[in-house]
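*Asks:* Sequence:
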Amino acid sequence: DVFIFPKRRGLGSLDVAITAAGNPPNSPSSAILALVQTALEEYSGFWGDVRAYAPTKEYLNITALVTGSVSQTDVEKVIRDYVGLLKPGETFVASTLVSQIRALPGVTDVQLTPATNQAPTLNVFVTGWLRIGTLTVTML
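Start counting the sequence shown at 920; every next residue gets the next number (the numbering used here).
Wrong hints could be hidden among the right ones.
What the hints assert, rightly or not - Think about it this way: if two alpha-carbon atoms lie no more than 25 Å apart in a straight line, the pair counts; the simulated SDA-like pairs of lysine to any residue are:
(1) Lys996 <-> Gly1025
(2) Lys996 <-> Leu1023
(3) Lys1006 <-> Asn1042
Note that these hints are calculated values from the structure, not bench results.
Produce the complete structure using the sequences and hints provided.
*Replies:* If you want it as structure tokens, here you go:
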């Protein structure tokens, strides 16, 4: 996938974060980045300030305490799917994940850590991309 960040490094710049297909998506190879960079430079001409790059993975350690008759595997899948779909620069919204877990049949309660939203680093030097570090699901 391609994520465009105009003016990230200043007026006239165009930065393109690239991710590789997969489940969850992953970082692209250096060969893919080089091909994209070449294509951008050819398209933009000598005046273009363009840059293709891989976003920086930032890892979230997630713990879920779940009450109910749901399977641990189903809860883990919901968590992995949610975080796996986060785009570079996108914030982890704890309440959204809790809602998705609570929507599973048999779930009566969820306690999630982190319990607050987590924003990746997003500045002129870094485009953070939230990924799962450690995942611990405990059924109560």
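*Asks:* Holds or violated: Lys996 with Gly1025, Cα cutoff 25 Å?
*Replies:* holds, 15 Å
*Asks:* Quickly compare the C-alpha distance for Lys1006 and Asn1042 to 25 Å and report which way the hint goes.
*Replies:* Distance ~15 Å between Lys1006 and Asn1042 Cα, so the pair holds.
*Asks:* Holds or violated: Lys996 and Leu1023, Cα atoms, limit 25 Å.
*Replies:* Judged against 25 Å, a Cα distance of about 11 Å means the pair holds.
Of the numbered hints stated above, none is contradicted by the structure.
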